[in-house]
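J.: Construct the entire structure; sequences and hints are all you get.
Number of protein chains: 2
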Amino acid sequence: MTQYCALHPLDQATSLESLGDDRYRGRFPPSYFNMVGPFGGVIASTLLNAVLSHPKRHGDPVSMTINFAGPVDDTDYEILARPARTNRSTQHWTVELIQHGQPAITGTVFLAIRRDSWEGSDIQMPEVPEPAKVEVLDTTGYRPWMNNYEFRVVDGHFHPDGSAPAQRDSHSTLWMRDEPPRPLDFLSLMALSDCFFPRIFIRQQQRALVGTVSMTTYFHGDAESLRQQGSRPLLGVARAQRYFRGYFDQVGELWGEHGELLASTHQIVYFKSEGF
Amino acid sequence: MTQYCALHPLDQATSLESLGDDRYRGRFPPSYFNMVGPFGGVIASTLLNAVLSHPKRHGDPVSMTINFAGPVDDTDYEILARPARTNRSTQHWTVELIQHGQPAITGTVFLAIRRDSWEGSDIQMPEVPEPAKVEVLDTTGYRPWMNNYEFRVVDGHFHPDGSAPAQRDSHSTLWMRDEPPRPLDFLSLMALSDCFFPRIFIRQQQRALVGTVSMTTYFHGDAESLRQQGSRPLLGVARAQRYFRGYFDQVGELWGEHGELLASTHQIVYFKSEGF
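Going down the list, the protein sequences come from chains A and B.
So that you can map any letter, position 69 of the first sequence is 69 in my numbering, and since no number is skipped, the others follow by simple counting.
So that you can map any letter, position 84 of the second sequence is 84 in my numbering, and since no number is skipped, the others follow by simple counting.
These are computed hints drawn from the structure, not numbers from a lab.
Be careful, since some hints might not be right.
Identical copies carry no separate label here, and so any pair may be met within one copy or between two of them.
Unchecked claim - Lysine to aspartate or glutamate pairs mimicking EDC-like chemistry, simulated, CA-CA at most 20 Å apart: (1) Lys272 / Asp60; (2) Lys56 / Glu78; (3) Lys272 / Asp169; (4) Lys133 / Glu257; (5) Lys272 / Glu119; (6) Lys272 / Asp222.
Fair warning: this is a prediction, and the values are worked out from it, not measured in the lab.
T.: Written as structure tokens, this is what we have:
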């Protein structure tokens with residue numbers, strides 16, 4: 001009997017060949033593509049992978065910022081991941097993805113060796129029906145990357161057929177996980193933090209031309225918190241704050257199934273909306 | 001009669017000597033110092049100033065991320081500000097502050113030439129008493145940098161004398177402006193976005209050892225929005241979300257006096273709290 005041991009699609013998409021000297025090479029598969037390039041979450045996850053697989057890595061991720069400076073396509077790219085400063089229990093990285101001779105992505109990653117401390121929360125996970133009681137979103141006809149996720153939208157749906165009126169705000173709550181299921185780690189959590197529909201789609205209930213220009217994710221759990229979550233769905237909550245002269249922001253939280261805030265995320269997004 | 005035309009303290013603190021080739025030199029004045037180094041907001045503002053005074057600048061700030069990688073003192077530093085990619089209406093920068101031969105600060109700045117678009121808000125400014133009706137915080141005995149600001153705390157005070165019990169959450173609302181008053185621009189708004197007391201001070205009502213490791217600010221107004229605000233106070237709102245194994249986050253908004261969201265800001269902060 002032959003046993004197949006296939007990599008999860010996310011691990012395939014974020015895999016890198018080390019070239020030494022802080023350099024890596026890779027290529028994004030069509031299965032994680034969005035409208036005109038790879039899904040931003042998988043780009044972020046791949047840059048994080050470069051840091052986490054680097055021989056000089058010192059600690060686990062606490063924050064990451066990624067800037068989408070130019071288009072990325074399905075040909076080879078190179079990543080440059082350099083430790084800018086290493087302290088006793090922290091490490092700051094700068095990362096860059098270069099394609100066709102130009103920086104297409106820039107970013108920074110902060111790692112730390114966490115130590116025990118007083119712990120607390122100022123906010124609580126919203127009370128929502130458990131995942132099994134919420135319908136799975138049919139992603140047929142959506143962009144390819146969405147088929148690598150399972151979404152169960154609790155509220156703040158997007159109806160691409162135009163059947164819903166514009167909303168008063170863009171607040172959404174949804175259960176989300178990798179599809180097929182994959183045990184949560186920093187790579188999948190980074191990608192999941194970019195999984196929300198663009199907020200203007202929810203607010204206006206119609207598609208618009210959008211592109212994230214900068215995204216920051218803070219990790220509020222450690223490797224053990226993520227291990228405990230396993231492959232069960234996370235509860236994602238997202239909303240915008242302001243849409244002004246071509247840019248809007250998105251604020252989001254990702255909760256473990258048992259009410260532990262595992263990540264918070266923010267992004268600023270370019271938009272061009274013809275309809276309003 | 002002699003007329004004095006003195007630079008505002010913020011302009012003195014953020015002033016730079018251009019060395020050409022994307023390089024600048026400066027030094028932080030003691031008047032903007034915090035506990036062991038300069039106030040993070042004035043460091044951010046200075047790095048932003050390097051970008052905004054660069055001959056290759058193309059657009060106005062939409063987002064900035066700054067990482068505090070190592071200590072900064074009151075001796076000379078050098079800033080390296082490089083345009084990573086310039087597009088038709090956007091520009092991505094990487095910035096670094098080097099002192100004693102090591103990168104102490106890293107960051108990225110995103111500029112854009114904004115165009116008119118549909119505009120909207122998903123949130124509203126909280127209803128609070130007007131600035132004149134709120135007592136000015138007496139900053140005598142506080143860190144030097146605080147004397148460059150006027151704070152009028154509406155709620156979520158910090159009582160350093162230990163006279164208040166620990167709070168259920170760290171939510172604060174306060175009016176804030178430069179002192180002496182200074183017309184708002186991107187430099188002062190960037191610095192103001194780091195003006196909140198560390199959230200753990202509010203939550204626990206006692207000081208703790210804290211240090212911001214990464215901060216991101218999104219600008220939701222343009223130069224004209226800032227000009228209209230003039231030197232009047234902004235309403236700042238801040239809260240934490242989670243405190244976990246040595247790090248907590250802070251989420252904040254800065255509102256113009258007439259209810260326009262001018263900036264949103266996020267940071268992740270190292271803390272060591274002995275008391276709990």
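J.: Run every hint past the structure and note whether it holds.
T.: Comparing the hints with the structure gives:
For the identical chains of this complex, Lys272 and Asp60 are inter-copy neighbours only, at 18 Å across copies versus 37 Å inside a copy, given an alpha-carbon limit of 20 Å. Within a single copy, Lys56 and Glu78 get their C-alpha atoms as close as 18 Å, which meets the 20 Å cut-off; across copies the closest is 26 Å, which misses it. When the C-alpha separation of Lys272 and Asp169 is checked against a cutoff of 20 Å, the pair qualifies only within one copy, where the shortest distance is 18 Å, while the shortest distance between copies is 38 Å. Taking the shortest alpha-carbon separations for Lys133 and Glu257, only the intra-copy value of 14 Å comes in at or below 20 Å, while the best inter-copy value is 45 Å.
Within a single copy, Lys272 and Glu119 get their C-alpha atoms only as close as 42 Å, which misses the 20 Å cut-off; across copies the closest is 11 Å, which meets it. In the homo-oligomer, the alpha carbons of Lys272 and Asp222 lie at most 20 Å apart only across protomers (17 Å), although the nearest pairing inside one protomer, at 38 Å, exceeds that limit.
In this structure, every one of the numbered hints holds.
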